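*Asks:* Given the sequences, and given the hints that come with them, work out the whole structure.
Residue numbers (the numbering used here), protein chains in the order written: chain A, 3 to 473; chain B, 13 to 108.
What the hints contain is simulated information worked out from the structure, not anything from laboratory work.
Only true hints are included.
Chain A regions said to be covered by chain B (calculated; three or more residues, Cβ under 8 angstroms):
| no. | segment |
| --- | --- |
| 1 | 229 to 240 |
| 2 | 287 to 299 |
| 3 | 303 to 310 |
| 4 | 327 to 335 |
| 5 | 340 to 353 |
Keep in mind the model is a prediction, meaning the values are calculated, not measured.
All residues carry an ideal CB built from backbone N, CA and C; glycine is no exception.
So you can see what is in the structure, the chains are spelled out below.
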Amino acid sequence: MLRTYADVKKKLSTGDTLMSILEGYLSAIEANKDLNAFLEVFESSAKEKAALVDEKIKNGTAGRLAGMVIGIKDNLCYKGHVVSASSKILEGFESLFTGTALERLLEEDAIIIGRLNCDEFAMGSSNENSAFGPVLNPANKKMVPGGSSGGSAAAVAAGLCTAALGSDTGGSIRQPASFVGAYGLKPTYGRISRHGLIAYASSFDQIGTFTNNIEDSALLLEVMAGEDEYDSTVSTRPVADYNNVSEVKNQRIAIIKEGYEMEGNDPEVKLAMDKLISGLKEQGHTVDLVSFPYLDYMVPTYYVLTTAEASSNLSRFDGVHFGHRSEKANGVEETYKKSRSEGFGPEVQRRIMAGTFVLSHGYYDAYYTKGQRVRRVIQDKTIAIFKNYDAIVLPTTPTTAFELNAVSDPIAMYLQDIYTVHANLSGNPAISLPMGKHSNGLPFGIQVIGDFFKEKEMFNFSRQLEKIYVN
Amino acid sequence: MKISEETVDHIAHLARLEFEGESKDTIREDLNRIVEFIDKLKEVETDNVEPLIYMTDEVNRLREDDPKVTLTQDEVLKNAPKKDSDYFRIPKVLDK
Chain A
3 MLRTYADVKK KLSTGDTLMS ILEGYLSAIE ANKDLNAFLE VFESSAKEKA ALVDEKIKNG
63 TAGRLAGMVI GIKDNLCYKG HVVSASSKIL EGFESLFTGT ALERLLEEDA IIIGRLNCDE
123 FAMGSSNENS AFGPVLNPAN KKMVPGGSSG GSAAAVAAGL CTAALGSDTG GSIRQPASFV
183 GAYGLKPTYG RISRHGLIAY ASSFDQIGTF TNNIEDSALL LEVMAGEDEY DSTVSTRPVA
243 DYNNVSEVKN QRIAIIKEGY EMEGNDPEVK LAMDKLISGL KEQGHTVDLV SFPYLDYMVP
303 TYYVLTTAEA SSNLSRFDGV HFGHRSEKAN GVEETYKKSR SEGFGPEVQR RIMAGTFVLS
363 HGYYDAYYTK GQRVRRVIQD KTIAIFKNYD AIVLPTTPTT AFELNAVSDP IAMYLQDIYT
423 VHANLSGNPA ISLPMGKHSN GLPFGIQVIG DFFKEKEMFN FSRQLEKIYV N
Chain B
13 MKISEETVDH IAHLARLEFE GESKDTIRED LNRIVEFIDK LKEVETDNVE PLIYMTDEVN
73 RLREDDPKVT LTQDEVLKNA PKKDSDYFRI PKVLDK
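*Replies:* Rendered as structure tokens:
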């Protein structure tokens with residue numbers, strides 16, 4: 003199984019063609035169909051590209067990602083290919099352009115192997131909200147892979163592609179990475195252009211990666227990050243050489259006290275945290291428990307603001323210009339209402355309703371503006387932590403993956419994101435590292451939150467954190 | 013506060029969604045629970061806090077307003093649920 007880019011390059015160096023490597027991934031996908039990770043395999047365009055890149059390799063003109071076979075979450079636009087956001091409302095929709103992040107991967111000769119299942123419009127924490135069925139966790143098929151980028155997580159963990167792209171609005175990369183035992187990166191808000199990413203909540207959304215090591219996350223970030231004329235919120239700061247590894251010493255590490263002490267933490271996750279804390283101290287770092295008394299407000303703030311933004315972003319799905327149109331509708335207003343009610347699944351409708359409510363006359367200030375104020379408090383306090391510390395370390399999720407259909411209450415599901423929404427509310431970069439295996443056999447992750455645009459430092463620190471033996 | 017049936021109807025209309033019968037009861041119940049959940053924010057002291065609106069420190073990132081064809085007419089119509097050769101087709105708006 004070729005789990006990393008290094009594995010692929012080793013194969014290439016022993017004389018294998020990229021075409022044969024691609025064939026290997028294609029048969030792995032076929033053999034793991036029951037996971038329901040891929041909604042569609044782009045076999046012909048992938049093979050076309052593989053032939054082209056094989057030629058380039060022969061001529062010594064191949065790009066930096068020659069050999070990297072990448073799956074994309076079904077909310078990223080790739081010209082001439084279907085993209086559906088795992089929703090019936092977009093079934094059969096074909097992208098008219100390729101998004102910036104993807105374009106940059108293709109320019110460096112990556113192969114895009116197919117589109118990956120996810121929660122509808124990236125709304126969910128278990129991948130059970132997809133209109134095309136749930137994804138199974140490769141570590142244990144009775145379990146969910148997490149969400150919303152569940153297909154991306156499962157595909158990378160099962161070795162069906164070298165890496166995958168996802169999007170992270172409240173934890174949609176890191177939580178599933180934790181549940182399947184992969185590396186999940188959410189860069190700083192604005193580090194990667196969102197052009198070509200189907201919008202959920204624009205002030206939160208960030209494209210990121212699933213990989214089987216830090217090196218591949220760093221490489222993909224380096225290729226995708228940076229200025230783009232199609233996204234006015236993307237940062238113009240120079241992109242660092244994220245794989246320029248250096249040993250970090252005497253780091254000051256903050257552990258969020260309220261998260262560390264939370265009763266809902268699985269005892270084995272807590273134990274792993276304790277081992278990490280002592281390991282970090284042995285490495286010569288300073289580790290402090292830092293109080294951040296906003297844990298209970300994180301998810302409600304996230305929920306108010308993301309649903310508001312979603313209700314606005316999803317108003318474009320009107321049954322007129324593209325997407326599903328109801329056969330039953332008469333007149334314009336019915337076309338809107340029936341097309342949307344038939345096309346969107348229950349969780350998406352719930353969030354549109356909640357978002358419309360918090361933006362409606364009489365409630366706007368009490369909820370929406372209030373949410374923006376609390377977001378400022380959370381960001382300010384986070385900035386204050388980074389004045390004294392280099393990184394925050396906390397579990398990615400309080401527990402390991404849960405069983406399919408086990409969480410039916412929407413609010414209990416929203417609380418899945420309790421440790422991950424922090425980085426989206428404040429905008430900081432964060433990565434989930436596979437840290438251990440629970441005695442129940444399932445993997446779980448530990449999360450590192452870095453300072454704004456300090457992904458390089460975050461990777462370097464993560465490399466050291468990884469050396470600590472947890473179990 | 014409690015979400016009334018009238019509020020559900022009003023919000024659904026604003027959102028251009030339809031809920032009837034059982035699905036209306038369900039969404040009303042869900043909204044009530046969600047309101048209870050987000051009411052928690054009232055506990056946070058924010059008297060002198062400005063709302064956080066922009067998540068980036070980039071200011072006025074504008075590009076030149078050069079006209080160019082980014083999509084052809086065929087491309088624009090490609091994903092339309094109903095179309096003519098030149099137009100999106102919509103259901104009849106006025107009855108004779």
